[in-house]
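Undergrad: From first to last, the protein sequence lines are chains A and B.
Under my numbering, the residue at position 273 of the first sequence is numbered 273, and the numbers go up by one with no gaps.
Under my numbering, the residue at position 63 of the second sequence is numbered 63, and the numbers go up by one with no gaps.
Where hints are given, some of them may not hold.
[Said to hold, decoys possible] If the Cβ cut is set under 7 Å, some of the chain A residues that face chain B in the computed set are:
id	residue
1	Val-8
2	Arg-11
3	Glu-286
4	Pro-656
5	Leu-664
6	Ala-693
7	Gly-696
8	Val-703
Keep in mind that the hints were calculated from the coordinates and are not lab data.
Note that CB positions come from ideal geometry on N, CA and C, so glycine has one too.
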Amino acid sequence: MTLIGTSVPRREDERLLAGKGSFLADQAQGAYHVMFVRSDIAHGELRHIDVSAAQDMPGVVGVFTADQLGLRDNYIAPLHEPHPEFVAATAFAMADQRLALMADRRVHYVGQIVAAVVASDRYLAEDAAELVNVGYAALPVVVEMEDALDADAPVLHEQLSSNEAASLSYTFGDPDSARAQAAVTVAETYRIGRHGAVPLECRGVLTRIDHRTGEVDVWTSTQIPHMVRRGICAATGWTTDAVRVHVPDVGGGFGTKANVYPEEVLVPLLARLTGRDVVWVEDRHEHLTAAAQGRDQVHRCVLSVDADGRILALEDDFLVNIGAGSLWVAGIIANTAIHILGPYRVPAARVSGKGIFTNKAIVAQYRGAGRPEASFVLERSLDAAARRLGLTNVEIRRRNLLTAQDMPYPQPLPYRDGVPIVYDGGDYRACLDAALELLPTSVVAQEQAAHPELLIGHGVGCYLEATGRGPYEAAKISVTPQGRIEVMTGAASAGQGHETSFAQVAAQSLGLPMEAVRVLPTDTGSLAHGIGSFGSRSAVLAGNAIAQTAALLVDNGRRRFAQATGADLAEVGYREGIFQAPGRDPVGWRELAQLGAPGKALEGEPPLYAASMYRCDTVTWTMGAHATVVGVHPGTGIVRVLRYAVAHEGGVEINPLVVEGQVLGGVAQGVGGTLYEEFRYGADGSPRSTTFAEYGLPGSNEVPEVLIRHLGVPTDNPLGVRGAGESGTIAVAAAVAAAIDAATGCTHVTATPIAPRTIKTALEAT
Amino acid sequence: MTDHVIRLAVNDKQIEATVPARLTLADFLRDRLGLTGTHLGCEHGVCGACTVLVDERSVRACITLAVQVDGCSITTVEGLTGPLADRLRAAFSRRHGLQCGFCTPGFLVTATEMIQNDSRPKPLTADYVRETLSGNTCRCTGYQGIVQAVLDAEAHDHITG
Ligand code: FES
Ligand code: FES
Chain A
1 MTLIGTSVPR REDERLLAGK GSFLADQAQG AYHVMFVRSD IAHGELRHID
51 VSAAQDMPGV VGVFTADQLG LRDNYIAPLH EPHPEFVAAT AFAMADQRLA
101 LMADRRVHYV GQIVAAVVAS DRYLAEDAAE LVNVGYAALP VVVEMEDALD
151 ADAPVLHEQL SSNEAASLSY TFGDPDSARA QAAVTVAETY RIGRHGAVPL
201 ECRGVLTRID HRTGEVDVWT STQIPHMVRR GICAATGWTT DAVRVHVPDV
251 GGGFGTKANV YPEEVLVPLL ARLTGRDVVW VEDRHEHLTA AAQGRDQVHR
301 CVLSVDADGR ILALEDDFLV NIGAGSLWVA GIIANTAIHI LGPYRVPAAR
351 VSGKGIFTNK AIVAQYRGAG RPEASFVLER SLDAAARRLG LTNVEIRRRN
401 LLTAQDMPYP QPLPYRDGVP IVYDGGDYRA CLDAALELLP TSVVAQEQAA
451 HPELLIGHGV GCYLEATGRG PYEAAKISVT PQGRIEVMTG AASAGQGHET
501 SFAQVAAQSL GLPMEAVRVL PTDTGSLAHG IGSFGSRSAV LAGNAIAQTA
551 ALLVDNGRRR FAQATGADLA EVGYREGIFQ APGRDPVGWR ELAQLGAPGK
601 ALEGEPPLYA ASMYRCDTVT WTMGAHATVV GVHPGTGIVR VLRYAVAHEG
651 GVEINPLVVE GQVLGGVAQG VGGTLYEEFR YGADGSPRST TFAEYGLPGS
701 NEVPEVLIRH LGVPTDNPLG VRGAGESGTI AVAAAVAAAI DAATGCTHVT
751 ATPIAPRTIK TALEAT
Chain B
1 MTDHVIRLAV NDKQIEATVP ARLTLADFLR DRLGLTGTHL GCEHGVCGAC
51 TVLVDERSVR ACITLAVQVD GCSITTVEGL TGPLADRLRA AFSRRHGLQC
101 GFCTPGFLVT ATEMIQNDSR PKPLTADYVR ETLSGNTCRC TGYQGIVQAV
151 LDAEAHDHIT G
């Protein structure tokens, strides 16, 4: 049976196409609504909060401020800390972040929660929230990182002595002498603007109280239910068996929902405080103000190459603006620092980076999380060096990309998990060649003929991404009394089709047809531990966890068969759903499951199941190359992405349709961040991108058709899968910027989003 | 807040309801009628997730008040039935025109209006489909599968008349 590798139609589709999805807001019937009162200034001390008028409004059952909550910890602890080996190798350090869940003394960004109103419906809750009167004493605001690092900048967090949230640095080889010997050294400052996941479904949290037990059931639109449970328990002091976190259908995540949020702690707490079922459904204005954002980096990069364009040394010093805080700051700066080396031979490097606090909104790991930023900086530097040497963008890459002869390729550096980095790729140069086969530079002439009014250019960009980060993922497979196989993992789906692809893995591992298997939505009451879906890890970690657990389930089944029939365990065989042994009647899962029923051979035996955690030693590396052709309108500087191609070294594809969808969607998000999307802020820290009209998501006219070539390069895990969730996004900014430069002949794009104004100005100056 | 009595047809069912003047059509459909297939992505008229048909024309339910559709006939995603709806749904699935599915109801409604519109180009072109869908946002798919799905569904329409 070959289910793995087949584009099985998705099981999710039928209900979603019928309008019968079950998203968070769809489950809110009967619940009281929470409306949060949020800070409208970026930095200040709370002076007073007057809730009396709100409290007297019809339908209001309570208005709560921080001092009424009885929280054990009024903050959420960081979600990631690198392994000690990585800390030692990079002198990694991280500040103690304690951003208030509900502000008690200070506010640190516009949108931070200062009070909560609970009312019988959403309209009444909004009416009442408007009457909550909050008085602030404004404090100086810091928006830009350079200002935050200024010697006399205000220190934004009381418990800290500076605005540095985290830092690291590493050096290998001898970058100084390499630079001294270089034929060409290019130095430039690059900026990657602040944009983010912006899923079409906003966040939302629902809590229902079981009045018999006092336990709370929480539904939240999340990618990481177990971490949410941990956050709730840590802040409230509740035990993990008092709260069960469920995942509804999730309308996109892309990293912003792989975070633990104040609202996820506060909504369950408000349910307990009011004794009612309560729901909070985020609106778009709140989402664009208070949900975690991404990117926002500045790099100073110096690349030294020899006369043939071969890299001698890479030096990069970067800053990440994490706003008021980021529970993922360690992951973001570590990712950036590691991925800046790219898929090339880099004999010497000096890299340092810092996460910086400002008064912008909080930050999480948005699709790529440091990788797109690193790719943009390195690829742009290569283009600059190529131009100086008179090489093409393609040629300088071909001379530096790792090939089959170089593999496996070690770096003198551990990964975040402490394991020495070894690239396990196939042939990175061949991958670039494959992208160019899909979209050769000769396409420029065709597009020029089709669009005589535009300036046309071709660009390429390469990337390497560590995927499938551990340490583990959990899976549980149970057999219902009817013999159906039910699978649950900690990797909650946010639209990636887990119900289908995980069922493919389970069905193939058990030798059963797809119909025999069902994948259940994750809930922390049924699965004790788990990590979640992010960082291109679900297929690798959860996929292998399912395969491993399926083997255990078969063992359990064999044991039960032996027990029931008296057969010798060693002689019990299993094939395609049937257990058998010499001289016994073969039985299937259904019969086996029913042996525990009253009056049957194994009366009283608990239902059959198996559970395990798949642990991986370290990450697996996915390399890819993007090629694009863009058209630039000379009068306006407006850019259209006309053609696009991605070649990538994925591993075994569980469901090629799903993998392709990940790449296509990733490119669209990359195009958005490169050309349109930005969270802009005023000098007073006020957010300026608080509607879809202002934020600029790409539409059907902005996103090109994408050609994809999958170069399957198996890797060292049982299923042979690599992650691909971020492949489409990472190199878009690099490739599009290069194509723009080629089209105009007079620009070197150094910042995203790429403003038409900048291009127009450059064109006018020539 | 003044209440108003409205009479309308929703998915071919006659309904009479008393609603506050400020109740949006989207909230009326979702909260009063339990038709939660109409999704809210922005509540300010940009994303198209809340698109429904009002007297066969697409309308954003998030910026329409329930009182405004008094006397009208509404079709939501739940009410899209018949051969065209079946073909659209099958094509969306085959072409992977949905991932999370949150935008999908809005696209299905807009696509239905497009294909039913007699003044559309015949056969449809990819450019026309992209242009007509440009008021609907999808954050997951990159639109490629959606555009192909609409072309597929229409192509069949064209052949069979
Ligand atoms: S929810 Fe109505 S247009 Fe976005
Ligand atoms: S499928 Fe997720 S927004 Fe379109």
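Undergrad: None of the hints should be skipped; say for each whether it holds.
TA: Here's how the hints hold up against the structure:
The interface hint given for Val-8/A is violated, since its Cβ lies 11 Å from the closest Cβ of chain B, which is over the 7 Å cut-off. Annotation: interface hint on Arg-11/A violated; nearest CB of chain B at approximately 10 Å, more than 7 Å. With its C-beta approaching chain B no nearer than about 11 Å, Glu-286/A sits outside the 7 Å limit, and its interface hint is violated. Nearest Cβ of chain B to the Cβ of Pro-656/A: about 10 Å, over the 7 Å cut. The hint is violated.
Interface restraint check for Leu-664/A: the shortest CB-CB distance to chain B comes to about 4 Å, inside 7 Å, so the restraint holds. A cut of 7 Å between beta carbons decides the hint on Ala-693/A: the least distance to chain B is about 5 Å, and the hint holds. Restraint check, Gly-696/A versus chain B: the minimum CB separation of about 10 Å is more than 7 Å; hint violated. Here the hint on Val-703/A is kept, as its CB sits about 5 Å from the closest CB of chain B, short of 7 Å.
The structure fails hints 1, 2, 3, 4 and 7 (numbered hints given earlier, in ascending order).
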